[in-house]
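Peer 1: Listed below, chain by chain, are the residues.
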Amino acid sequence: MPKPKVAFYWCASCGGCEEAIVDLNEDILKVVELVDIVFWPCAMDFKYDDVRKMKDNEITVAFINGAIRTDEQEEMANLLRKKAQIVVAFGSCSHLGGIPGLANFWDRETIFESSYGKGCPSVDNPDGIVPQTVSKVPEGELTLPAFHNTVKSLDQVIDVDYYIPGCAPPPYLTMKAIVAILSGELPEKGAILAPEKTLCDECSLNDSKPEKISIKEIKRISEVISDPEKCFLAEGVICMGPVTRSGCSEEGDGKCISANMPCRGCFGPPPEVKDVGGKMISALASIVGLEGEENMSEEDVEKLINQIVDPAGYFYRFSLPTSLLRRKRMSNPAKEDRYNG
Amino acid sequence: MAKKISIDPITRLEGHGKIEIFLDDDGNVKNAYLQVPELKGFEQFCVGRPVEELARITPRICGVCPTAHHMCSTKALDAVYHVKPTETALKLRRLIYNAFMAEDHLLHFFFLGGPDFVVGPDAPPGERNILGVIGKVGIEIGKQVIDMRRRLRSVITHLGGKVIHPVCGLPGGVSKGLAEDQRQAFLKVAKDAVEFSKFCLQVFNDIVLKNNTYLDLIVGDIFKHQTYYMGLVDENNKVDLYDGKIRVVDPNGKEFVKFEAKDYLDHIIEHVEPWSYIKFPYLKNIGWKGFVDGIDSGVYRVAPLARLNASDGMKTPLAQAEYEKMFDTLGGKPSHHTLAFHWARLIEVMYVSEELVQLLEDKSITNPDIRNLPTETPDEGVGVIEAPRGTLFHHYKTDENGMVTGVNLIVATVNNSAAISMSIAKAAKNLIKNGKVNDGLLNMVEMAFRPYDPCLACATHSLPGKMPLIVNIRDNNKDIVQSIRRD
Ligand code: SF4
Ligand code: SF4
Ligand code: SF4
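Top line first, the protein sequences correspond to chains A and B.
For the first sequence, the tail end lands on 418 under our numbering, and the numbers increase by one without skipping.
For the second sequence, the tail end lands on 496 under our numbering, and the numbers increase by one without skipping.
Just chain A, same shape as in the assembly (with noise of 0.2 Å):
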């Protein structure tokens, strides 16, 4: 029997998901040995051209990792659709739009203004040239993609069967989904490969974090020296443990956590959790109350978190292409290119 196919591709990414299969370390050796990698563009010679001329549904699975920004990106995404039985979302960025997704909160000329023009202190443009997408040089002429304004997770994109969660997903995940891929031992369509607890359900800080929190304020984890034995939310400090799924490391406390640095939300969240802004803000709202208070008026609770200073930044730094907040209106709707979903 042939051995299954397997593809693994990168839209608008940071590497850093590619780097997590380069992570597999000896285990990349049996993956090796139980399929074969048709497609992997960052680590051997393929043409893209062999993905195209292949029937469909003939590779097994495509991992995709990456956010979708641009034209090449949606149709490399369209094909490896075509020709994959099972597409699994790989990574933050695939599965909700990541770090790169909070460039939806600007549009193009602003962020061509910050990296090219007066915002930019170090360049030297008194022309205020900004790369084109057809431009001359004395040889001939010279083409570029096109910079889209908007930032799009891959199910906004194309149809997806799985999805790993992580910035970047942790290797024991990765090498779980592929064996349960391969044995077809797989969980219904649309599942979420990790954990379904949250995080504060596996995190041993939790026994530390009272049912009822006093805070007197919100702090920044700038302005204290945090205890490690001690739940951040009970110091004050913003951790999206409570409205993040779990997994992100085997062994139960979050890979940040375990390096004393409140959880930022990588693996988005738990099942029930439809907006983790609005479930974060209720969930802070249930959970803190002054000393001696038994219950903080709404009033009090609505002062404490009017002090949480860059809500949106903490709450979809991983999501905002795919939160209720999508992006920010344009100034000007007519510059809007088609991507804005």
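In case anyone wonders, no lab produced these hints; they're calculated from the structure.
Any given hint could be a false lead.
Below 27 Å or equal to it, Euclidean Cα-Cα: the simulated DSS-like pairs (lysine-lysine) are [what the hints assert, rightly or not]:
no.: 1; chain 1: B; residue 1: 293; chain 2: A; residue 2: 195
no.: 2; chain 1: A; residue 1: 293; chain 2: B; residue 2: 185
no.: 3; chain 1: A; residue 1: 296; chain 2: B; residue 2: 334
no.: 4; chain 1: A; residue 1: 253; chain 2: B; residue 2: 152
no.: 5; chain 1: A; residue 1: 286; chain 2: A; residue 2: 307
no.: 6; chain 1: B; residue 1: 271; chain 2: A; residue 2: 195
no.: 7; chain 1: A; residue 1: 213; chain 2: A; residue 2: 293
no.: 8; chain 1: A; residue 1: 195; chain 2: B; residue 2: 298
no.: 9; chain 1: A; residue 1: 289; chain 2: A; residue 2: 351
no.: 10; chain 1: B; residue 1: 233; chain 2: B; residue 2: 334
no.: 11; chain 1: B; residue 1: 152; chain 2: A; residue 2: 82
no.: 12; chain 1: A; residue 1: 266; chain 2: A; residue 2: 253
no.: 13; chain 1: B; residue 1: 185; chain 2: A; residue 2: 307
no.: 14; chain 1: B; residue 1: 219; chain 2: B; residue 2: 145
no.: 15; chain 1: B; residue 1: 93; chain 2: A; residue 2: 307
no.: 16; chain 1: A; residue 1: 80; chain 2: A; residue 2: 107
no.: 17; chain 1: A; residue 1: 107; chain 2: B; residue 2: 185
no.: 18; chain 1: B; residue 1: 207; chain 2: B; residue 2: 219
no.: 19; chain 1: A; residue 1: 213; chain 2: B; residue 2: 442
no.: 20; chain 1: A; residue 1: 296; chain 2: B; residue 2: 197
no.: 21; chain 1: B; residue 1: 152; chain 2: A; residue 2: 213
Given the structure of chain A, go ahead and fit chain B with the ligands onto it with the hints provided.
Peer 2: The following block gives chain B with the ligands in isolation, referenced to the frame of chain A:
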């Protein structure tokens, strides 16, 4: 008239560095352009965030060198808050950083750039990869490489939480200290890393230096550019990767300038071209003369060979001996031979491994003083670090609450962007004569840019050295005569 080979849209994929080569009437190369087709906009979307979070946001510029961005960002945070890290915190940061430099350089030598030499420049492309290297040096060694990288990376995971996008850096220090049992365990890793560095240099010596064909290639003209060089140095002008002043030497090796990170805007400025998303930095006080080398052109180079050129030596004994051997062999300092970047990279692996041992033999690294809390009002700061692929700058401005109002980044590979274009053009000019395209072109073109280990993930998203590539060769009518691609 040569026929035109067109590329349909699906093959013009993002993340491809694209090289356009134009020929004149006689079929000789007029010019070559390296285009970088993507921009992510971090400078813009970092605005409005609490500044301390940038140490957790900016590493996503590049998942290959996230530790460089994380540390550079952390240093910028020290500057923004006017806070000095504690002594122990500095040692821990260096510990993490050296472990990172070693594993990243090893990745390059064995997986990416090294295959050109270890397997051989003439080997078919299908063999010029990690499997080819393992074939040459043996599976046992291959396993050792994987194992060494894994153990070095475990140091970063332990202290930084995650090896891909570590999180431990804070203004004034780090979030986590080192326990005594871990110190002992990591000391073992460090000592093994020194041994492993010796082995790597031996491999380079046996396979490359003892082969005259390779040596001729290294010192030959195709891969040579006389440029300025930039790198961080300590107070004795020794190579330092984590801290110090930025030293620039001219093409004759004379010190041109030495400056502090905070003054970078007085010395570096970037040129913009409409045909690439990447910018082209140059020395402000020399000026932009186009894509040319020489003492009158502001083009400078960064990364391993540039760092060694810009310094007076290495801080550790074994690395110093290798440093002397390299410049002796190459005919003096500075060396303009682009392929020698590979050699310099291995010398740096030796240096960081030796320094890892020094750091871990010192028990004070387990001291509990890992944080100084900021007390001053945050405003503005510049962080600098030597990333594997060159000098990296993070420059932040904030309001009085430490909310970001402006960010400027000069990413390691970007410093080399003009030089990479020039190296490619030079290789092409040597290999395309009278319209005849040499079959070895793609290989040679790749060999021209791989020494820089161009991490276009920082601007695009592909692993360094494995940059998917399209080379279009156009005749005088701008028609594509030939198109070579490597995905
Ligand atoms: S999910 Fe994280 S590691 Fe993966 S591509 Fe996106 S930013 Fe990089
Ligand atoms: S809020 Fe954070 S620190 Fe507290 S229990 Fe949850 S995950 Fe752990
Ligand atoms: S602790 Fe949170 S932010 Fe950190 S890796 Fe785990 S899920 Fe991601």
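Peer 1: Next, verify each hint and record whether it holds.
Peer 2: Hints, verified against the model:
Between residue 293 of chain B and residue 195 of chain A, the direct Cα distance comes to roughly 17 Å. Compliance with the 27 Å bound is thereby established for this hinted pair. A C-alpha spacing of about 26 Å is found between residue 293 of chain A and residue 185 of chain B, which places the hinted pair at or below 27 Å, so the restraint holds. Restraint check: the Cα-Cα separation between residue 296 of chain A and residue 334 of chain B comes to about 54 Å, which exceeds 27 Å; the hinted pair is violated. Under the criterion of a C-alpha separation no larger than 27 Å, the hint pairing residue 253 of chain A with residue 152 of chain B is consistent with the structure, at around 23 Å.
A hinted pair counts as satisfied when its Cα atoms are at most 27 Å apart, and residue 286 of chain A with residue 307 of chain A qualifies at roughly 7 Å. A threshold of 27 Å between alpha carbons decides the hint, and for residue 271 of chain B with residue 195 of chain A the separation of about 19 Å falls inside it, so the pair holds. A hinted pair counts as satisfied when its Cα atoms are at most 27 Å apart, and residue 213 of chain A with residue 293 of chain A does not qualify at roughly 61 Å. Between residue 195 of chain A and residue 298 of chain B the alpha-carbon distance is near 22 Å, which keeps this suggested pair within the 27 Å criterion.
Distance hint between residue 289 of chain A and residue 351 of chain A is fulfilled; the C-alpha atoms sit about 24 Å from each other, no more than 27 Å. For the given pair, residue 233 of chain B sits about 20 Å from residue 334 of chain B by alpha-carbon distance, which is consistent with the 27 Å threshold. Between the alpha carbons of residue 152 of chain B and residue 82 of chain A the distance comes to roughly 25 Å, so the proposed pair stays at or under 27 Å and holds. For the suggested pair residue 266 of chain A and residue 253 of chain A, the alpha carbons sit about 16 Å apart, so the restraint of at most 27 Å is met.
Between residue 185 of chain B and residue 307 of chain A the CA atoms are separated by roughly 14 Å; this keeps the pair inside 27 Å, and the hint holds. Among the hinted pairs, residue 219 of chain B with residue 145 of chain B is consistent with the structure: their alpha-carbon atoms are about 16 Å apart, no more than 27 Å. Taking the CA atoms of residue 93 of chain B and residue 307 of chain A, the gap is about 26 Å. The hint holds against a cut of 27 Å. A distance of roughly 13 Å separates the Cα atoms of residue 80 of chain A and residue 107 of chain A; the hinted pair therefore holds under the 27 Å criterion.
The hinted pair formed by residue 107 of chain A and residue 185 of chain B fails the criterion: a straight-line CA distance of about 35 Å is larger than 27 Å. With a C-alpha separation of about 16 Å, the suggested pair residue 207 of chain B and residue 219 of chain B falls inside the 27 Å cut-off, and the hint holds. Between residue 213 of chain A and residue 442 of chain B the CA atoms are separated by roughly 25 Å; this keeps the pair inside 27 Å, and the hint holds. For the proposed pair residue 296 of chain A and residue 197 of chain B, the alpha carbon gap of about 39 Å is over 27 Å, so the pair is violated.
About 50 Å separates the Cα atoms of residue 152 of chain B and residue 213 of chain A, which puts this hinted pair outside 27 Å; it is violated.
Comparing the model with each earlier hint shows violations of hints 3, 7, 17, 20 and 21; every other hint is respected.
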